[in-house]
Amino acid sequence: MIEVDQLTKRYGPHTAVEDVTFRCEPGSVTGFLGPNGAGKSTTMRMICGMTPPTSGGATVGGRPYRQLPNPGREIGVLLDASAQHAGRTGRETLTLAARTMGVDRGRVAAALDQVGLNDTAARRRVGAYSLGMRQRLGLALALLGDPRVLILDEPANGLDPEGIFWMRGLLRDFADRGGTVLLSSHLLREVEAVADRLVVIGGGRVVAQGGKDELLAGAGTLVRARDAHALRLTLERAALPATAGTDGGFVVRAEPGEVGQAAADAGLVLTELRPAGSGGLEQLFLTLTAGASTKEAVR
Amino acid sequence: MTTATRTPAPPRPGAAVAGPTLARLTAVELRKLADTRAGRWLLITIGLIAAVIVVVQLFVLDAPDQTFTAFFTPSLLPVGLLLPVLGILSITGEWSQRSALTTFALVPRRERVIVAKLAAVVLAALASVLVSLAVAAVGTLAAGATGGAGAWVFDWQLLPHAAVFQVANVLMGAGFGLLLLNTPLAIVAYLLLPTVWSLLSAMISALREPARWLDTSLTMEPLLGAEMTGGQWGRLGVSLAVWVLLPLAAGLVRTMRREVS
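So the protein lines, in turn, are chains P and G. Remember, my numbering sits 15 above the position in the first sequence when you count from 1. Remember, my numbering sits 1041 above the position in the second sequence when you count from 1.
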């Protein structure tokens, strides 16, 4: 179980993370979503005791990370797959961790096998690894101590589609056996397939969180008409808050009935009218991304 | 094993999983000194350079002077120059290669990692004295075989002095590494600062007296001989407090507080 309580981190006048609170329960996968620079990594580093928070706190299994005597046996952490000594082989990297944690040396081979790194790959130096192989090694490192909790920052980065599919299966299985998973991503599609709960962060604040289904359901209505311009005017006139999609459709924050009524009153021919589903969450996400990237450009 | 046969393991109380002992962490850090190509070559170079010095002594020394001590003492100097680099790399490598992220994820009490690293490099420094003894012994045998004196002359006081000399060298490097947390910066600072200090004290007469207490190249020199007076120990202690303990203490504080990313 991971509990994050009002975590805040300021760097001078810049607030990277503000008042972030959420929980990850055993048996579930929590997707931590947000655009680049939203504060995902900073939050995860604070959970793992790498970054001291300005205020607030976080516990894993009821204790602050830094007070855990042997955290590798309870929590598997992958914060940055590239953060490995380039001169060590994959196997040596795992062996060092296994010795530190005091786990049996046989676990090294088992972990390598579990993430699909073969003997040749294990003997190569990490400097020669592709990003996908580093992610696999990072996962092996996280799984090495047979933990109850996994904290993974962008683990799908650099993995090929087959690798992403494999990782989903691994995380799902881990959670189904009672484990707790927190994984971050800046791609909604990536976590949508595996997460039970979503925490969406933008500009350092949590903008939405809850069960995945509930979040996807409350995402508004997708509407499309033959005459997109007339539809826009109609929605404006009816004072329905709408955002234009990239493909001529609109996502409206209202019930489909309301939207249909407004269109019927204006005599418009609709080609599509349905609950937005993940499209709505994506829209929310896109607005976040747009805001965040302008902020980043200004900074 | 299929998913169906796996059952959720019972929750483990955190206290049941004991943390790594300092001895175990030191063993891990010792392994880290030698498990990369760069680290391995640094260790090999240290050994080779001690051997080269012995060979040179075989050629340049007059036959009657080719004693065990004459081989042992000169081998300490070049090794003492490389040991600080070992000390620096063992600390800064974690930051430049960013493996600190993994290291501190497994051992969040960072001071334990630092103590283990210091213990590892001290052990390496002591081992280097054994290497110096070994190559000196080989040199003495070779001298005997090639018509030199080959006399087993050795003042046992030299051994603890050599150990202090190398341990001080390696810890000074580690202190610079811990304080600066950046490999090139630490190496340049380590090599440059004492030299600048020596130059300045040679030029400015007011610095001459403090230099006798603070210039490690002066205070450590008596360690290469068998005799050391109380005054010399005192000056050595003061200079090491300034150049070893101070950087180590400040560096420890910095490492404890630093954000790892």
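One should not assume that every hint holds.
Computed spacing ranges between beta-carbons, pair by pair [what the hints assert, rightly or not]:
1. G/1097 to P/117: 13 to 23 angstroms
2. G/1078 to P/124: 17 to 27 angstroms
3. P/21 to G/1272: 42 to 52 angstroms
4. P/181 to G/1233: 45 to 55 angstroms
5. P/81 to G/1101: 23 to 33 angstroms
6. G/1065 to P/146: 28 to 38 angstroms
7. G/1233 to P/177: 50 to 60 angstroms
These are computed hints drawn from the structure, not numbers from a lab. Using N, Cα and C, we set each Cβ at its ideal position, and we do this for glycine too.
Hint-by-hint comparison with the structure:
Our hint of 13 to 23 angstroms for residue 1097 of chain G and residue 117 of chain P is violated, since their Cβ atoms are close to 47 angstroms apart. Between residue 1078 of chain G and residue 124 of chain P the CB atoms are about 23 angstroms apart, so this pair conforms to the stated range of 17 to 27 angstroms. Checked against the hint of 42 to 52 angstroms, the pair residue 21 of chain P and residue 1272 of chain G fails, with Cβ atoms roughly 60 angstroms apart. Remark: the range hint 45 to 55 angstroms for residue 181 of chain P to residue 1233 of chain G is upheld by a beta-carbon distance near 52 angstroms.
With their beta carbons about 57 angstroms apart, residue 81 of chain P and residue 1101 of chain G fall outside the hinted range of 23 to 33 angstroms. For residue 1065 of chain G paired with residue 146 of chain P, a C-beta distance near 32 angstroms keeps the hint of 28 to 38 angstroms intact. Under the hint 50 to 60 angstroms, the C-beta atoms of residue 1233 of chain G and residue 177 of chain P, about 52 angstroms apart, fit the expected range.
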